[in-house]
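Generate the whole structure from the sequences, applying the supplied hints.
As you go down the protein sequences, you meet chains E and A in turn.
Final position of the first sequence in numbering that gives the first Met the number 0 is 597; the numbers increase by one with none missing.
Final position of the second sequence in numbering that gives the first Met the number 0 is 339; the numbers increase by one with none missing.
It cannot be assumed that every hint is accurate.
[Said to hold, decoys possible] Subject to a maximum C-alpha distance of 20 Å in a straight line, what follows is the list of computed EDC-like cross-link-like pairs (lysine to aspartate or glutamate):
#, chain 1, residue 1, chain 2, residue 2
1, E, 56, E, 102
2, A, 120, E, 399
3, A, 16, A, 292
4, A, 235, A, 159
5, A, 235, A, 251
6, A, 120, E, 401
7, A, 2, A, 219
8, A, 2, E, 38
9, A, 2, E, 118
10, A, 120, E, 402
11, A, 54, A, 69
12, A, 2, E, 92
13, A, 330, A, 219
14, A, 238, A, 222
15, A, 238, A, 13
Since the hints were derived computationally from the structure, they do not count as laboratory data.
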Amino acid sequence: MDEQEARWLDAELAAACVMLDGHALGGVRLRARPGPVRDFWLQQTRALASAERPWRKIPLHCSESRLLGGLDLSATLRSGSPVVARGLLADADGGIGLLCMAERATATLTAPLAALLDDPVLRIEREGVTAQHPCSIAIIALDEGVDDEALTPALAERLALHIDLDTLGVAVLDDFSLTRRDLEAARLRLADVEIDDDAVASICRATLALGIDSPRAAILAARTACALAALAGATRVGGEQLEQVLRLVLLPRATRLPAPPEEELPPEEEQASAEESPQDPPPPAPEQDGPAPEPEGDDQSRQRSKDELDDERLLDAAKAVLPADLLKQLVAGRMKSRRQRSAGKSGAQQRHLLRGRPMGSLAGDPRSGARLDLMATLRTAAPWQRLRGPSPGGARLRVEPDDFRVVRFRQRTQTVTVFVVDASGSAALYRLAEAKGAVELLLADCYVRRDEVALIAFRGDHAELLLPPTRSLVRAKRSLSALPGGGGTPLAAAIDTTSELLEQLERRGVSPAYVMLTDGRANICRDGSAGREAATEEALTAAQQLRLRTTAPGMVIDTSPRPHRSADRLARALDARYLPLPNADAAQLQAAVRQVAA
Amino acid sequence: MAKAFPFTAIVGQDEMKTALLVAAVDPSIGGVLVFGDRGTGKSTAIRALAALMPKIPMGDGCSFNCNPDEARSFRCPRCADGEAPKTRMSPIPVVDLPLGATEDRVIGALDLERALHDGEKAFEPGLLARAHRGFLYIDEVNLLEDHIVDSLLDVAASGENVVEREGLSVRHPARFVLVGSGNPEEGELRPQLLDRFGLSVEVRTPQDVASRVEIVRQRDAFERDPEGFTKKQQRKQGKVRKQLQIARELIDEVEVPAQVLESAARLCLALGTDGLRGELTLVRTARARAALDGRTTAELDDLRALAPSVLRHRLRRDPLDESGSTVRIDKALAELDAAA
Numbered sequence: 000m001d002e003q004e005a006r007w008l009d010a011e012l013a014a015a016c017v018m019l020d021g022h023a024l025g026g027v028r029l030r031a032r033p034g035p036v037r038d039f040w041l042q043q044t045r046a047l048a049s050a051e052r053p054w055r056k057i058p059l060h061c062s063e064s065r066l067l068g069g070l071d072l073s074a075t076l077r078s079g080s081p082v083v084a085r086g087l088l089a090d091a092d093g094g095i096g097l098l099c100m101a102e103r104a105t106a107t108l109t110a111p112l113a114a115l116l117d118d119p120v121l122r123i124e125r126e127g128v129t130a131q132h133p134c135s136i137a138i139i140a141l142d143e144g145v146d147d148e149a150l151t152p153a154l155a156e157r158l159a160l161h162i163d164l165d166t167l168g169v170a171v172l173d174d175f176s177l178t179r180r181d182l183e184a185a186r187l188r189l190a191d192v193e194i195d196d197d198a199v200a201s202i203c204r205a206t207l208a209l210g211i212d213s214p215r216a217a218i219l220a221a222r223t224a225c226a227l228a229a230l231a232g233a234t235r236v237g238g239e240q241l242e243q244v245l246r247l248v249l250l251p252r253a254t255r256l257p258a259p260p261e262e263e264l265p266p267e268e269e270q271a272s273a274e275e276s277p278q279d280p281p282p283p284a285p286e287q288d289g290p291a292p293e294p295e296g297d298d299q300s301r302q303r304s305k306d307e308l309d310d311e312r313l314l315d316a317a318k319a320v321l322p323a324d325l326l327k328q329l330v331a332g333r334m335k336s337r338r339q340r341s342a343g344k345s346g347a348q349q350r351h352l353l354r355g356r357p358m359g360s361l362a363g364d365p366r367s368g369a370r371l372d373l374m375a376t377l378r379t380a381a382p383w384q385r386l387r388g389p390s391p392g393g394a395r396l397r398v399e400p401d402d403f404r405v406v407r408f409r410q411r412t413q414t415v416t417v418f419v420v421d422a423s424g425s426a427a428l429y430r431l432a433e434a435k436g437a438v439e440l441l442l443a444d445c446y447v448r449r450d451e452v453a454l455i456a457f458r459g460d461h462a463e464l465l466l467p468p469t470r471s472l473v474r475a476k477r478s479l480s481a482l483p484g485g486g487g488t489p490l491a492a493a494i495d496t497t498s499e500l501l502e503q504l505e506r507r508g509v510s511p512a513y514v515m516l517t518d519g520r521a522n523i524c525r526d527g528s529a530g531r532e533a534a535t536e537e538a539l540t541a542a543q544q545l546r547l548r549t550t551a552p553g554m555v556i557d558t559s560p561r562p563h564r565s566a567d568r569l570a571r572a573l574d575a576r577y578l579p580l581p582n583a584d585a586a587q588l589q590a591a592v593r594q595v596a597a
Numbered sequence: 000m001a002k003a004f005p006f007t008a009i010v011g012q013d014e015m016k017t018a019l020l021v022a023a024v025d026p027s028i029g030g031v032l033v034f035g036d037r038g039t040g041k042s043t044a045i046r047a048l049a050a051l052m053p054k055i056p057m058g059d060g061c062s063f064n065c066n067p068d069e070a071r072s073f074r075c076p077r078c079a080d081g082e083a084p085k086t087r088m089s090p091i092p093v094v095d096l097p098l099g100a101t102e103d104r105v106i107g108a109l110d111l112e113r114a115l116h117d118g119e120k121a122f123e124p125g126l127l128a129r130a131h132r133g134f135l136y137i138d139e140v141n142l143l144e145d146h147i148v149d150s151l152l153d154v155a156a157s158g159e160n161v162v163e164r165e166g167l168s169v170r171h172p173a174r175f176v177l178v179g180s181g182n183p184e185e186g187e188l189r190p191q192l193l194d195r196f197g198l199s200v201e202v203r204t205p206q207d208v209a210s211r212v213e214i215v216r217q218r219d220a221f222e223r224d225p226e227g228f229t230k231k232q233q234r235k236q237g238k239v240r241k242q243l244q245i246a247r248e249l250i251d252e253v254e255v256p257a258q259v260l261e262s263a264a265r266l267c268l269a270l271g272t273d274g275l276r277g278e279l280t281l282v283r284t285a286r287a288r289a290a291l292d293g294r295t296t297a298e299l300d301d302l303r304a305l306a307p308s309v310l311r312h313r314l315r316r317d318p319l320d321e322s323g324s325t326v327r328i329d330k331a332l333a334e335l336d337a338a339a
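Dropping the structure here:
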């Protein structure tokens, strides 16, 4: 079986598991662009359950009151007493919630979903309504994220099954071989499926080996193994299920590769071996129908010197069926920056603050585009009902224009200060260390103001975003102190990188500011060639482009020992403040940055 | 309704469990903040607390959880004005503040039903009233909307909820133990909110196979048969409940020897904590831990056991210090031992 077919079968297993034991497994995180493959998978998955089972789309714009439920305005007005509207989630009880464009979902959407997966009771305390609904749902999160965009980790980690359909071709698509009847049969078996200590232990060892910290992953893996065993017609979890669990649940969460076998194979080779030798792994599971040959497997594992070998075999098998690019990613970058990834997201999560903070309500006309504050309006109208008497139209409640209340929002914008640090030879010669110290002081300042910081460094022939916007100053400090000096001054590249980042931040709705610490003496062009004249020319052009592309305020701090014309010219081209610092006075620097960012 | 996972079946995480129990013994310690990695059973432990709560006297039919034995000034307007209500015994409340809760349900607001129907202005108590004399639990406390945090802070500090809105003017007592949990990666807490917590606990993922296996096993057993599993833990749960009840009665008798007081002072001095709050909380937790243990004298060990939780969030924070507060406290504790 080739790799693509094997992955499609895995996708089928994931679908069957979630339709079999949905809430207990949390759901599926489906990484795929929209397209025929995803649509086909969804259609096949939906066909695994009877039509009555709820299957609700949760759109991104879904408001909190629609999601959770609240006060039903029209019914309340009609009847004259509060009527509760059920939310979308309460309606999806016992079924599937389909979270579209999950990578863009804010905490408003994802946090209640995560809470529901922990405890299948929807608790509502809002708009004068207190209610509890049973709500046991499973989530299928359609994650279309590329690069750094992805489903928020708080929800992602509660979804047991992670599958990726992105690189699958249409050619491998095939109707699911499992049917609704198979699922019915499996459901009857599920309660009796056993998972023995060896199996649990080998799952737990795998989580440790793969650097998966959350105990939730192990719990979900054990449940998935039981579901898979039930689907395979077995009454206990065997080696086959463990392999499947590894592929569906554990490997997608891996933050490092298991240590011992091969240390430093270059990614290309890994990739090649994964592609060339599909016959290496024990044939992936779904081909063998019927009860798994567990007695045999058991014997084997007993004969081998305890479980270690067994685990190794599992991991090896899984590695061979891993999508090649996953392995590459693991080897290339993720291992070293596990923390970084998750913390980098924290910036994204806090963005939900940006939708503004309700400041209470005030009298106003909702037609002017403001949002009606329902509760406040009703409350204002309520005491007057007796006095106003029955309304002419026969409605029980009389609401007059004076009663209207609208919500006031206060937008709190987040500030991100981007530090662009020149680590080139010329700067290093003078005072890279001092600049580092100054940045550290500025960082502490950003902490006080709850700003986020980002760090771009440039030296040699390129500029690099060392630290995506974060609040973690420890990380900022760490990446700064690890910054080596030396090499050319690729100023144009640095400015380009900066303006890209600034633009990105502005699109997100935050207000960025930048601080560039350099002596302004460019000597490396964008294409990597050396030459002071050309490089300076390029840098100044790049600076003018930056000025046109963003409105972010900026500052150039001249780090050369004596104020130098080139840094001044750069500042002028950038339309940024110029601050010569003949003697690095940290306090002065701090005050200056405060002015820019304020 | 789904059953909560029993407290006594939670694997490991002793610091968190002790902190929660100690806060239940002496509410004046001022709440517990549980911060840590995902999936470490933070909310499981706190939700499990409800099943352990001993019963306390409450006013029958009072929706503000008033204590009929308390002075009038500590009671809600209704209980203070008329006859003292009859007493009924009910468990200490543990109230969940769900995500997406709106301000009107948290602090209380005009009772819409009665307003619409009878044209009457009546106050409908909110979650703060329900949590009076008990626990108020906020999951994902760092995701809570700022304006709700603001109302909470004020009430938590004053022990009284003053509602001035929609033509209502109501005040009622609201003394509760704030319990919050969250993941630091999703955002830090505002210092003002952090300050309201008496204890702050860091939870980490166990890094050995045996405990992980145990966690999976317990969870699996619970999910297969929640009833049976809970029943099996009933005796242990009952024991803890009894322990809590005894400790709550004993707490006033627990003495704190001068040596312990002095050590608390020296510890705070060595760590340079601001104000007296840290010291006071240290002494209170030591006393509560002794009471939990059934002793009437607090010992140095009581102090030592909870010192990290008490002081962790009170150290003046150097944002660039990588070693973290726990290490500093441990060091100070070691020095204390060396000096003794």
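Checked hints:
1. 56/E to 102/E: OK: residue 56/E and residue 102/E at ~15 Å, within 20 Å.
2. 120/A to 399/E: 19 Å, holds
3. 16/A to 292/A: 14 Å, holds
4. 235/A to 159/A: 36 Å, violated
5. 235/A to 251/A: Between residue 235/A and residue 251/A the Cα gap is close to 26 Å, so the pair fails against 20 Å, i.e. violated.
6. 120/A to 401/E: Roughly 19 Å separates the two Cα atoms, so the pair holds.
7. 2/A to 219/A: 14 Å, holds
8. 2/A to 38/E: 37 Å, violated
9. 2/A to 118/E: 9 Å, holds
10. 120/A to 402/E: 16 Å, holds
11. 54/A to 69/A: Status holds; Cα separation ~16 Å.
12. 2/A to 92/E: 18 Å, holds
13. 330/A to 219/A: 40 Å, violated
14. 238/A to 222/A: 23 Å, violated
15. 238/A to 13/A: Answer holds: residue 238/A to residue 13/A is near 17 Å, not above 20 Å.
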